[in-house]
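Asker: Listed here are the chains, written in short residue letters.
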Amino acid sequence: MNVLAFLIPVALLLGLAGLGAFFWSMKNGQFDDLDGAANRILIDEEEDEDEERKE
Amino acid sequence: MTALAQELRGQGEETVLAVPGMHCAGCISSIERGLKGVPGIHSARANLSARQVTIAHDASLKARDLVVELDRIGFEAQPRRGPLKQSQSAVRPLLAPLAVAAFAAMNVMLLSVSVWSGAEGSTRLMFHWISALIAVPAIIYAGMPFFKSAWGAVRRGRTNMDVPISLGVIIATALSFYEVVVGGADAWFDGALMLLTFLLAGRVLDAMMRDRARTGVDALLSQAGQGAMVVADDGTLEWKKAEELLPGMVMRVAAGERLAADGTIIAGSTRFDQALLTGESAPVPGARDDAVLAGTLNLDAPVDVQVSATGQDTTLAEIARLMEAAAQDRSKYVRIADRAARLYAPAVHSLAAITFAGWMIAGAGWYQSLVIAISVLIITCPCALGLAVPVAQVVASGALMRAGIMVKDGSALERLAKVDRALLDKTGTLTRGQPVPDPSLLDNLPSDAASVALSLASHSRHPISRALADALTARGCRAAELADVQERPGEGVFARWQGGEVALRRPESSNGIAVMLEIAGRPAWLIPFADRLRPDASEALARLAGMGVDASIVSGDQHASVEIVARETGLPAQAEASPQDKQDLIVELQKAGHHVLMVGDGLNDGPALAMANSSIAPGSASDVGLQASDLVFIQQSLLALPRVVHTARATMRVVKQNFALAIGYNMFAVPLAIAGLVTPMIAALAMSMSSLVVVANSLRLARAARK
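Sequences listed follow chains A and B, in order.
Under our numbering, the first sequence has 27 at position 27, and the numbering climbs by one with no breaks.
Under our numbering, the second sequence has 200 at position 200, and the numbering climbs by one with no breaks.
Derived from the structure by calculation, the hints contain no laboratory data.
Computed beta-carbon distance windows for the label pairs: (1) B:D470 with A:G15: 56 to 66 angstroms; (2) A:N28 with B:S122: 35 to 45 angstroms; (3) A:N28 with B:R653: 35 to 45 angstroms; (4) B:W366 with A:G15: 35 to 45 angstroms; (5) B:V113 with A:N28: 32 to 42 angstroms; (6) A:L34 with B:E539: 34 to 44 angstroms; (7) A:L7 with B:V181: 23 to 33 angstroms; (8) A:S25 with B:D71: 34 to 44 angstroms; (9) B:E14 with A:A17: 28 to 38 angstroms; (10) B:D65 with A:A38: 30 to 40 angstroms; (11) B:T264 with A:N28: 49 to 59 angstroms; (12) B:V587 with A:A38: 39 to 49 angstroms; (13) A:L34 with B:K241: 25 to 35 angstroms; (14) B:G358 with A:F6: 40 to 50 angstroms.
On the chain A side, residues computed to face chain B include the following (Cβ under 8 angstroms): (15) F22; (16) D33; (17) D35.
Built from N, CA and C at the ideal position, the CB exists for glycine as well.
Model the full assembly from the supplied sequences, consistent with the hints where possible.
Answerer: Pasting the structure below:
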């Protein structure tokens with residue numbers, strides 16, 4: 001029983017932290033451009049740096 | 001982040017441009033890198049979902065300069081109407097309730113499982129109290145979208161799917177809370193929360209699909225013709241928005257630009273393309289003192305136009321009035337889920353009442369009778385029924401989206417499934433709507449002449465030149481090297497090639513659209529342009545006929561040109577139809593018991609698109625056409641038509657199967673509930689099982705749009 005009194009609040013807090021993180025990210029525009037985020041990973045950043053060095 | 005934004009705003013301005021052609025990682029990087037190199041631009045951020053680019057730049061750069069820069073990079077762009085105006089999303093208000101419901105459902109389910117597996121006495125009481133503390137606020141918050149919608153329906157004396165949902169959830173919560181307070185054995189919080197989670201997930205998916213379609217259509221909406229360059233008395237030029245134009249002002253309309261208001265030409269002469277307004281494909285000449293209409297495209301040369309009519313007096317406003325009346329008619333359509341709810345809700349509620357009365361008569365006492373009646377309500381709560389329609393439509397719309405067809409309206413597929421008659425506009429719908437050069441003549445053109453023509457055409461932004469350049473490029477033609485190139489507005493492009501004069505010019509006289517290619521020392525070529533049928537038009541019409549949908553043409557164009565297309569497609573045709581005529585024809589067919597599908601693109605089709613039972617427009621349609629139609633198809637092929645009809649019918653078949661599955665589940669579960677044998681655990685299991693079955697059945701639609 002003592003273990004429960006400790007574990008249940010911990011579980012709830014962790015869940016609430018996840019929920020809070022979700023709300024925070026939604027407010028900060030993390031979900032504004034889902035397609036863009038999926039595609040940006042394909043952009044080669046090194047190429048960009050190379051070009052800048054040449055310039 | 002905000003500090004940075006403020007700093008940028010202090011230095012200059014932020015402009016949002018719509019870039020419909022952006023679709024991949026390569027596009028993002030070339031736009032962002034290309035713009036970064038332009039002096040005066042601080043930063044550029046592309047949003048692929050919304051097909052927009054947000055640019056922070058010096059105040060000296062105007063939106064039009066940015067459009068030119070993007071054109072140089074190779075993307076067509078248009079300034080958005082309101083800078084930084086966030087588009088209204090349907091998903092956003094549902095995401096937070098879904099997150100809360102899912103979080104609460106998981107935690108409560110954890111506690112419920114321990115109760116079911118045998119927690120007793122004070123442990124059970126504590127678990128129940130914790131569940132209540134989590135569940136009651138979560139249900140109040142996450143259930144709001146349903147409660148509001150249900151209350152709205154009840155207040156007007158109607159019922160919809162949200163009424164039985166709300167009743168079930170509220171009663172289950174209230175009974176569970178009472179049980180917790182008196183220390184009873186059963187609490188139903190997990191079932192109520194799971195129900196909300198499933199239903200919200202279905203709605204979020206549904207809203208996501210519509211958001212996608214809407215942003216897709218938004219990106220297509222052109223901003224052209226929504227303003228004009230106004231010449232002041234002292235000769236200075238200023239860009240004014242359409243709503244700021246006043247009668248008496250003089251606007252200078254460049255070639256390739258659309259008119260923003262009705263007016264009279266006071267200087268210059270040109271030809272206008274009125275296809276969007278009247279459906280007529282041949283260009284109409286306009287000279288000094290001729291009246292011109294808003295929405296028409298200036299083809300040849302810049303003209304000065306004195307604005308004569310604004311507001312309610314324009315042809316545009318008349319069409320808008322017709323459309324508004326028609327759209328009100330359509331909003332009376334009742335969706336299938338709500339029709340089902342009309343039968344379902346009274347049946348379920350009277351069943352619960354009979355159960356209560358039956359147990360009372362059997363002498364079970366108030367409390368026990370009430371608990372059993374409520375468990376009947378909870379078990380019949382339409383979890384699967386609430387998912388039956390949205391999930392099927394989401395899967396079908398997703399499949400259509402991948403095939404290049406956007407579903408703008410949730411009830412569009414339902415209405416489309418019943419269609420048995422189709423009306424097609426000619427210009428821009430059956431045909432491509434843009435003149436293309438005669439392919440047989442291009443075949444006979446010597447390759448050096450073709451490369452001269454391509455080179456000349458590429459120096460002009462005139463729509464005809466662009467069409468020629470596109471056609472020649474598509475044939476693998478290379479541009480020749482020219483010297484002294486100059487474009488004379490209203491005449492053509494002139495240059496020197498291998499020492500001789502060459503020109504691509506407007507012919508002295510011709511019927512229809514054509515250009516003259518002149519190369520010194522050789523006979524001149526007259527290249528005629530014509531509006532061609534879309535590819536696969538005849539196959540698409542044959543398939544439609546095979547599905548029992550009779551088609552016919554209704555066009556605003558003259559008899560002669562409609563006749564040609566009618567003969568090519570073998571369809572009956574009505575020519576020279578005004579917007580009012582088209583609308584009347586639809587009403588007539590509807591009175592005869594037909595369900596009419598209207599396919600059209602122009603301004604003149606707007607009222608008909610809004611009046612028909614269902615409507616679809618090509619992606620090249622006018623703003624009015626895009627907004628008035630239920631569906632928009634973006635590929636060139638007309639095969640989109642049989643495809644959507646097929647998919648809509650398949651969707652309705654699956655929806656009906658889903659209803660049958662959900663009702664079958666009830667037939668099994670309700671007798672148990674009436675007998676008083678249902679525990680919260682059985683309710684939770686039955687609910688998730690029936691939802692899974694419905695979702696799995698709907699997923700079969702994923703491939704429906706391939707055929």
